[in-house]
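Next come the chains, spelled out residue by residue.
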Amino acid sequence: MDAYLIAMLVFAGFYALMALGLNVIWGLTGMVNLGLVGFFALGAYASALLTTKLFWPMPLGWAAGAVVAAAAGAIMALIVARLRGDYLAIVTLGFAEVIRLTASNEIWLTNGTDGISGIPGPWRGDVSPPEFNLIYLGIVWTAVAVVFVLLARLSHSPFGRVLRAIREDEDVAAVAGKPVLWFKVRAFTIGAAVLGGAGALYAHYNAYIAPDGFAPLLTIYIVLALTAGGVGAMRGAIIGALFVIALLESTRFLSAIIPGVSPVQKAALREGAIALSLILLLRFRPQGLIPEKTRTKATP
Amino acid sequence: MIQDWRDLAQVLLNGVMAGSVLMLPAIGFNCIFAVLRYPNFAIAGFATTGAFAGWVANAVYGWPVGLALPLAFLVAGLVALLAEEAAFRPLRPAGPLTVAIASVAMTLLIENILRFSFGNDLRGYDLPILRDWRFDGIRINPQQLQNTGYAIVAAGGLFLLLGFSRLGRAMRAVADNPVLADIKGVDPNRIARVAVFIGGGLAGCGGMLVGIDTSIDPLTGFRVVLSVFAAAVVGGLGSIPGAALGAMVVGVGEEMAGLVLSPAYRTVTAFLAILLVLMFRPQGILGGRN
Amino acid sequence: MTALLEVEALVGGYGAADEILKGITVALPERRMAAIVGPNGAGKSTLLKAIAGMLRAKSGQVRLSGELLTGLPPRGVAMRGVAFVPQEANIFPSLSVRENLEMGGYLEPRATVTQRVEGLFARFPMLAEKRRRAARTLSGGQRQILAMGMALMVAPKLLLLDEPSAGLSPKAAESLFDDIAAIHAEGTAILMVEQNALEALAIAEDGIVLVDGRVARTGPAAELASDPEVRRLFLGG
Amino acid sequence: QTAPVVFGALPPLTGAGGPYGPAMLRAMQGVVEAANSAGGIKGRQIRLAFEDDQTNPDAGVRGARKLIDVDRVQALMGTWASSVTTAVAPLCWENRVPLFTVSGADSITLLPHQGHIFRTQPNSRLQIETATKWLLGKGARRVFHMAAQSPFAQSSQDVMTEVMRAGGGAVSGYVVYERDKTAFRSEVDTIMRSRSDTVMLNGYLPDVTILLRELYRAGFDGRRFTFAYAAPASVFGTLPNEVTNGLTTFQPSPDLNSPAFTRLKAAFGSTEVDPYSAQVHDHATMAILAAAQGGDATGTVIRDNVRKICQGDGEKVDNVTDGLRLIAAGRAVNFEGASGPCEFDERGDIRGTKFRYEVAEGGAYRVLELV
Amino acid sequence: MTESSPQPALLEISDLRRSFGGVVALNGLALQVRPGTVTALIGPNGAGKSTAFQCISGVIRPDAGRVIFDGQDITGLRPDRITGAGLVRSFQIARGIPRLTVLENLLLYGQAQPGEGVAAAILRPAAMRAREEALRERARAVAARLNLTRVLDNQAAALSGGQKKLMEIGRALMAEPRLLLLDEPVAGVNPSLSAEIASHIGSLRDEGMTVLIVEHHMDFVASLCDPVIVMAEGRFLVQGSFEQVAADARVQEAYMGRRVHA
Ligand SMILES: Nc1ncnc2c1ncn2[C@@H]1O[C@H](COP(=O)(O)OP(=O)(O)OP(=O)(O)O)[C@@H](O)[C@H]1O
Ligand SMILES: Nc1ncnc2c1ncn2[C@@H]1O[C@H](COP(=O)(O)OP(=O)(O)OP(=O)(O)O)[C@@H](O)[C@H]1O
Ligand SMILES: [Mg+2]
Ligand SMILES: [Mg+2]
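Sequence lines, in order, name chains A, B, C, D and E.
Heads up: the first sequence begins at 1 in our numbering, then just goes up one per residue.
Heads up: the second sequence begins at 1001 in our numbering, then just goes up one per residue.
Heads up: the third sequence begins at 2001 in our numbering, then just goes up one per residue.
Heads up: the fourth sequence begins at 3001 in our numbering, then just goes up one per residue.
Heads up: the fifth sequence begins at 4001 in our numbering, then just goes up one per residue.
A hint or two may mislead.
Distance windows between CB atoms, simulated [unchecked claim]: (1) E:ARG4081 - D:PRO3112: 54 to 62 Å; (2) C:LEU2068 - B:ASP1126: 56 to 64 Å; (3) B:SER1117 - C:THR2114: 48 to 56 Å; (4) A:ALA246 - D:ARG3096: 45 to 53 Å; (5) C:LEU2068 - A:ARG285: 33 to 41 Å; (6) A:HIS156 - C:GLY2219: 46 to 54 Å.
If you are wondering where the hints come from, they were derived from the structure by calculation, not from laboratory data.
Given the structure is predicted, the values throughout are model-derived calculations rather than measurements.
For glycine and all other residues, C-beta sits at the position ideal for the given N, C-alpha and C.
Same shape as in the complex, but just chain A:
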């Protein structure tokens, strides 16, 4: 059971990182990004390829994952800067599909739908599997902590203030003297870097990545995590990620004890229960578990 809990905490760490990355782009800047799994995949592939094919050391691979995703994020932001809301949603969604299909079809580079296996992990093989899990737990949650602190500082700074202004009204932000495009590009780049870094960490934990793993379902989970936690609040992103993993996993045990239904029905009950819980959560806490609060008070 311990091993299982640790593994799930590691997963929650990945989800938390993704939710944090998404929060910069979507929560703060208001740019809908339904393609987050694409950036996640880019980071994962970049690091996996560089470490397995070119034998780069792992930390460099992680960094490269973040950088590649960040570059893609910057380009993406430049292309879509004019688009708003739901129009942005479809383009980003498309981006993720493009990444997934490219990974499936460009076999020479990505090994196609076979995926890349045997991705190294820190001290994997030298230590026992439970120890490896513990090491990774440390790595991932350290990353979460660092990213959290950085992003929280960012969000409560004048920079974050401009991002939130852009989220609400671009024209006003522009008239306020803020180069809107440049802010958007930076926000998108930062968010994509976090997503890419999360992907890189994920690849080396799982030892295997394949296009199937970067399906829209993951995006849905992360978006749900962020919404459940509270869009805009960095703490919300982490709480939301933990909440979603807890939901995904606890429903296994619940559905197992329901008598008199077939396995498919159990599976259906489980997925249905996940969906229902999220609907109920939103219903009764529409602003999420941790609503965005302002920290800039006139009277301290």
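Start from chain A and add chains B, C, D and E with the ligands according to the hints.
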């Protein structure tokens, strides 16, 4: 791959056929968006619901398609109404994105309710499958042609309703400013319910047409939702004729994949087409405001 | 003289800030016009919204000809003969000018609507000129006229106006006040919030000064307009 | 010892594999029930814990974690998607849990799995090679290869080209398509233009169903050939007979006229056995028999004993009840399952498989031959 | 415009044109704003005043024409560049940033905040903190002047109509522009307060700021603005002191009511 103009014409025609299947759900999506201003991804769930309702009527009780289709409309519309009232309405003040997220969860919920009741097996309608008609080497399937017809009629009807009737005006007024509409004597919730019912119903019909054209399972709606959303966006969110046009763009875009890249890149080609359209018209082809 | 509108000890506000109105008692007899003046943020708009059914009162009552309005939704209030022109967001931006007017007469029979629209086009040529344009393309002052036009699509018992002249050119404002006076003369009771206070008090019979959610002064409009204290504090001179 | 032995199943109950997983799970549960009524493994009852892999490697890994760490399963079986299998494989060998799979990707058994992987699906090279040769033998000269995007699309194409060329024919066209689409008209047009005498539908149930329908509409009059898992008997419920008539399928198979096969068919009752269910039936049986054979139900023991009960000169058995009885009696057994003889090479790949060819006629499959 | 002024104009607009699908909003507008003045721009509803502001501030592009600010051609520049150059405008229909507080709305308009860079935002150097403190100081002063102190911590969405207008003015002031464009700053503002605002704008002018105001309140214009520019139908009509333009028959006909010229 392409030998003469006929092949090109064939690809275009295929695109129109594929597009016409997307048309009804896309119109349903835009109908809801037009009034409530949030993207209702649960349209996927409503489409699947309609597909199953129609299937039960047709394959289990032997109803003809002409009767099963209205039933699909009714059942999907009611489910949409239920989802709106129970889940989405209380969320509307929290903003369109929150509702959109909830609608994704709703799709998962509906998918699994159907899975619970029907299982994962593929099911086909009880219909003979007709051979294509051929004209000078170009093939058209009468069934698909008929589906296109249904879709166009529904689109036209709804367009007239929204554009020229008192109800349509009230719907657009609620979309603009529900509070003011209320002050002027419109019950925004009633209007919202009408829009949701029509939108959900159309999605249900669309789902049934997909089912007739292919086969159905709990994922039927989910498979087309991306393309449906794309069609709605390309055409212009909230625009009924836009949705019809967008469905054609996406349909043709996807069928063109074989010419441009490879069929394995179907989605990619479609998205490139979408990106191209949005570069020039960020609010979609027929979208009015941004 | 029975009061048409009676507001009794009304307390209400928005969400957590639920005591913006701190106990307001106002009465408006049939066919009367009263102007409400007061500083920004005093609660004038909030009072009108509460009467129009847009806010849930925390306590107190609103009655129209003795019938309780409190608790009714805005359309319920509208159906009982109250027309309201809000201060902000008072048009439907993506509907055409004509459709906006038609929405103003949503509760009226079709024939009446067509007839009144034509009447309004004659009265405000600018609206006629722009009848097919989306209302969002109107200038600030044009919107204000359209909003007023929408309220004139019905023949209300009580007209609630929230700063109808804001943004209008002096000439337009003047003719608007003429219009309001004319509507009043036809027998419609009017409750009007105006920052253009002197003009408003000039055409109104009663004046109400609202400060910080409370009624600070009431009285005949002319009396208030000439009261030096009121002038100094609220009328700018 | 009274605590039950726990085995884990990780079939796809939702997602793209949804049409297959439920039947697979039912087949495994059937075996476990039979074994339990036959007294279990040395008196220990067997419990089959299962999780839904959602046809997604991420969810699959979490499910496998739960089965391995919480349920402490001694063997894992029934993974379907290649990506899921590859993703959970390292967990299995790190925890010394043997993994039985139906996934087709050739790369799976090339993983450093230290003997923990057993794959009952013949590798795709073998399957395609056999099928192509058979088609050549039936006179096919121009075969169109219509492949869903999958780990073995490209390798299948390479093998087919090679075999066709050697046999004097050609692959007349090759299209890789996206699986989860609902219309394939232009793809079918490409097939029609290619003037092929045969089309090889290398996909899965949902897409192959649509392709069959579209081919019928377009009036394709050549041979339609596909894997049995892509068109199991359930297609007859989905498609009218005029569409399915003449469709040829193939699958790994045990001897046809062996009593074992007939008994198995009877045991599955009225529901037709699809190839995946047949294979996972064998997974469960092998895991149980191997544990019984080794005298202890641990992962390592199972891993080491699978080959002992599957090959060699033991007495032929085709079901778990007989197998348990014989092993209890100390006799050597040679299990031949519903999917074939179940003999594994050193990499864990099945070998020596025969293939059964069937043709659809009037809403049922008729066996053509077994090679 | 006949009298040639010794000082060069701070803002010079020539032949500005803009139409919206058939509606000609600006039809060759030309005008000049001299430094150190509070210039009024008045004209009937729909004359094109707000559209002129949109074009000057870069929010929309003119179809033709030139906007020269302080000798620099700013036509078609991005709004943030124009603000950076020292020209800030307010919006007629108050556009708050609804989910930011009033204070944040004010701070947003502060210029030269190093904390708007990523590195500085994270590292929070002394320069950033000092600037933030200075901006807060200024924001409090501005809020006090505009009677907004009480609502500084409210979200902008929770303001009364008049308060939103006041915040709109306050934000523009926060940018410390050289040229301030105000679009109907006192529409909906209580007369007592608008008199105060007028005197405040007057003192800003005395400190060297130049202001261009669109306003329909003639008392406000008369007491504060010189010169007054009148435009109609997208074009310059006349310019002069308030008394001069108010005496113009065309202006009376198109714009003023009885009461003003009575
Ligand atoms: N986006 C637009 N689309 C179409 N027409 C527009 C648009 N914006 C403005 N107009 C039109 O241009 C003209 C000028 O509008 P503008 O807002 O500049 O007037 P204004 O002088 O500011 O008037 P007001 O004093 O009423 O605010 C008006 O007739 C208006 O209807
Ligand atoms: N949506 C809201 N939520 C919370 N508080 C609000 C909201 N709208 C207004 N307020 C507050 O309520 C008080 C009264 O607002 P109201 O709009 O009634 O003022 P008003 O008298 O109409 O002022 P003005 O003349 O400026 O329009 C103000 O202090 C304002 O900040
Ligand atoms: Mg007000
Ligand atoms: Mg204006």
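Tested hints:
Checking the proposed 54 to 62 Å range against E:ARG4081 and D:PRO3112 shows it holds: the Cβ atoms sit about 60 Å from each other. Evaluation of the 56 to 64 Å hint for C:LEU2068 and B:ASP1126 yields a pass: the beta carbon distance comes to about 59 Å. The hinted range of 48 to 56 Å is satisfied by B:SER1117 and C:THR2114, whose Cβ atoms lie roughly 52 Å apart. Taken as a hint, the range 45 to 53 Å is violated for the pair A:ALA246 and D:ARG3096, whose Cβ atoms sit roughly 29 Å apart.
Taken as a hint, the range 33 to 41 Å holds for the pair C:LEU2068 and A:ARG285, whose Cβ atoms sit roughly 34 Å apart. Checking the proposed 46 to 54 Å range against A:HIS156 and C:GLY2219 shows it holds: the Cβ atoms sit about 51 Å from each other.
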